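Undergrad: Here's the letter readout for the chains.
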Amino acid sequence: MAVASEKLAIEAVWRIESPVLIAGLTRIVRDVGLAEDLAQDALVIALEQWPESGVPENPGAWLMATAKHRAIDVLRRNKRLAQKQKQLAGELELQGDSVEARLEASIEEQVGDDLLCLIFMCCHPVLSEQARVALTLRLLGGLRTEEIARAFLVAEATLAQRIVRAKRTLAEAKVPFALPDVDELGERLSSVLAVLYLIFNEGYTASAGENWIRADLCEEALRLGRILAELTPQEPEVLGLVALMEIQASRLGARVGATGDPILLLDQDRKRWDRLLIARGLAALERAEQLGGSLGPYALQAAIAACHARASEPQDTDWLRVAALYEALAQLAPSPVVELNRAVALASAFGPAVGLEALDPLLGEASLQNYHLLPSVRGDLLARLGRFEEAQGEFQRAVSLVGNTRERQLLLDRAAACAWEAGRQS
Amino acid sequence: MRFMMIMIPNISDEADWSPSAEAVSAMSRYNDELAKAGILLSLDGLHPAGKGARVSFSGGKANVTDGPFTEAKEVIGGYWLIQAKSKQEAVEWASRCPAAEGDVIEVRQVFEMSDFPPEVQAAAAS
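Which chain is which? The protein sequence lines are B and L, in order. Numbering follows this note's numbering, in which position 215 of the first sequence is assigned residue number 217; successive positions increment by one, without gaps. Numbering follows this note's numbering, in which position 68 of the second sequence is assigned residue number 484; successive positions increment by one, without gaps.
Just so you know, these hints were derived from the structure itself, not from any lab. Among the hints, a few may not be true.
As the list claims (entries may be wrong) - Pair ranges (Cβ atoms, derived):
(1) L/Pro435 / B/Ala159: 47 to 55 Å
(2) B/Thr160 / L/Lys467: 57 to 65 Å
(3) B/Gln236 / L/Pro514: 26 to 34 Å
(4) L/Val526 / B/Val57: 21 to 29 Å
(5) L/Pro514 / B/Leu403: 52 to 60 Å
(6) B/Asp318 / L/Leu462: 45 to 53 Å
(7) L/Ala538 / B/Ala313: 32 to 40 Å
(8) L/Arg512 / B/Thr160: 50 to 58 Å
(9) L/Ala538 / B/Trp422: 26 to 34 Å
(10) L/Leu459 / B/Ala332: 37 to 45 Å
(11) B/Val57 / L/His463: 30 to 38 Å
(12) B/Ser369 / L/Tyr446: 32 to 40 Å
(13) B/Gln236 / L/Ser444: 19 to 27 Å
(14) L/Ala442 / B/Leu293: 26 to 34 Å
As the list claims (entries may be wrong) - Facing chain B, according to a computed beta carbon distance under 7 Å, are these residues of chain L, among others:
(15) Asn447
(16) Lys452
(17) Gln504
(18) Glu505
(19) Glu508
(20) Ala510
(21) Gln525
(22) Met529
Given the structure is predicted, the values throughout are model-derived calculations rather than measurements. Here a beta-carbon is modelled for each residue, glycine too, at the ideal position from N, C-alpha and C.
This is chain B alone, in the form it adopts within the complex:
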């Protein structure tokens, strides 16, 4: 018990301190892998000393100073560092400085942008998407390789290999430890936001397996998003993504039934939505809107989510606004799924005939051919217009495409009901 709880206590300190520690060290040694090793060494030293001496007043500063002293020690012996120093020779000559001198000079120094630089580095476009996710969770989330592997349902060795390769790629590509230039800032920030949303969705769409680990991924993505928003308070899309994740996370407890089946948004018990997360999401969205300018894709999606969050019953939803927001989203980030959602909103705002008309251009859309929601939405609108025979056909088609058993049963029931109505009509 004592050993296990001590291990967790150490892990807690690591999780809190390691991102800033690794970031600060990367700035000095210019190698994220080496920085992580040094940070871990410092933690090991802390574990030996703290039980005796007590936890220092400022554990972060203590760890950083220890890691830097350690780096100086290692520097004299370690080949890897010596090599690194050679690589940096040109630059260092210019400065008339050595890594060692720089380390000594920097022991008391703290640079605010370090963490932000590390975030951009972990999500650098030179890395594959999978590598970005793994590195982000490892270096910024402070998660163990084994935890990340379990969350993504891959073997631990595979994930460890992925992280090693990612660090090597960063070193080989000589990715600088710096904030992106102004002209590429937007693109690089998008890459960071995409990684965070990918992590969130990995947790959010989990339908099988160890669900609690997956829910942790949602929390982790949210936490990293909030950290990023604190570091970049003037970026409306960062706030937009945070708002979107807060509001979506507010539904986590309501979107799965007692038997583990997914429950669609309009069928959820809204009393089970988390009011605190909704309030946080709405506040983040408001901050994004106050920054001015037109909303980006994440802020628009957050604004749509907010329309649902504000409605205490589905019939209270401001569908007109939802439709307008989907229209804006379709212009920024056109996709057939966005169009489909827009058609649903239009149908709810103006009636099934208008919605049906909006669906027409999607019928030839190749990417939607195997998407059960298109025929299922179409069937619903046709049924509401009293065109039961056509509706039945659409529901049958949806049945043939759907994977989820509960949804399948729902669609079968609707097809049968339409068949009965159609029989009455003839």
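Position chain L against the provided structure of chain B, taking the given hints into account.
TA: Chain L only, in chain B's frame:
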């Protein structure tokens, strides 16, 4: 996971308690740190218990007593609601609070619906 960190300040006479500017600024730096770490969900400080009331229940009846309360020793002064991965992480954050001599922070995990057995969850949903 969510944890509530409940502050039980060591105040002998809460009626004329007022924090120093120094203590307030240390505390607000701490709160900033929690926010920057992305874990702070909400926080509040409470008016003195003496200005509040107690509603106690006996014999199927609610009995109201207005403050101040003579026997009150451990009184809640405020709370933070944070997100953490483990109890140890929450405890680590609580340990970093610039609290005053004799203050106590109680760290408690918040129940999630999934912590309850299915029949309790079903009762909550109905």
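Undergrad: Against each hint, give a clear statement of whether it holds in the structure.
TA: Evaluation of the provided hints:
1. L/Pro435 / B/Ala159: 47 to 55 Å: holds, 53 Å
2. B/Thr160 / L/Lys467: 57 to 65 Å: holds, 60 Å
3. B/Gln236 / L/Pro514: 26 to 34 Å: Between B/Gln236 and L/Pro514, where Cβ atoms are some 29 Å apart, the hint holds.
4. L/Val526 / B/Val57: 21 to 29 Å: Given a distance of about 26 Å, which is inside 21 to 29 Å, the answer is holds.
5. L/Pro514 / B/Leu403: 52 to 60 Å: At roughly 59 Å between Cβ atoms, B/Leu403 and L/Pro514 fall inside 52 to 60 Å, so the hint holds.
6. B/Asp318 / L/Leu462: 45 to 53 Å: violated, 34 Å
7. L/Ala538 / B/Ala313: 32 to 40 Å: violated, 25 Å
8. L/Arg512 / B/Thr160: 50 to 58 Å: violated, 36 Å
9. L/Ala538 / B/Trp422: 26 to 34 Å: At roughly 32 Å between Cβ atoms, B/Trp422 and L/Ala538 fall inside 26 to 34 Å, so the hint holds.
10. L/Leu459 / B/Ala332: 37 to 45 Å: holds, 40 Å
11. B/Val57 / L/His463: 30 to 38 Å: Holds, since B/Val57 and L/His463 (Cβ atoms, about 33 Å apart) stay within the stated range.
12. B/Ser369 / L/Tyr446: 32 to 40 Å: violated, 50 Å
13. B/Gln236 / L/Ser444: 19 to 27 Å: At roughly 22 Å between Cβ atoms, L/Ser444 and B/Gln236 fall inside 19 to 27 Å, so the hint holds.
14. L/Ala442 / B/Leu293: 26 to 34 Å: holds, 31 Å
15. Asn447: violated, 12 Å
16. Lys452: Nearest chain B Cβ about 5 Å off; hint holds.
17. Gln504: holds, 4 Å
18. Glu505: holds, 4 Å
19. Glu508: Holds, about 4 Å.
20. Ala510: This hint is violated: L/Ala510 lies away from chain B, its Cβ roughly 11 Å from the closest one there, beyond 7 Å.
21. Gln525: violated, 14 Å
22. Met529: Cβ of L/Met529 sits 5 Å from chain B, so the hint holds.
This entry does not satisfy hints 6, 7, 8, 12, 15, 20, 21, going by the numbered hints stated previously.
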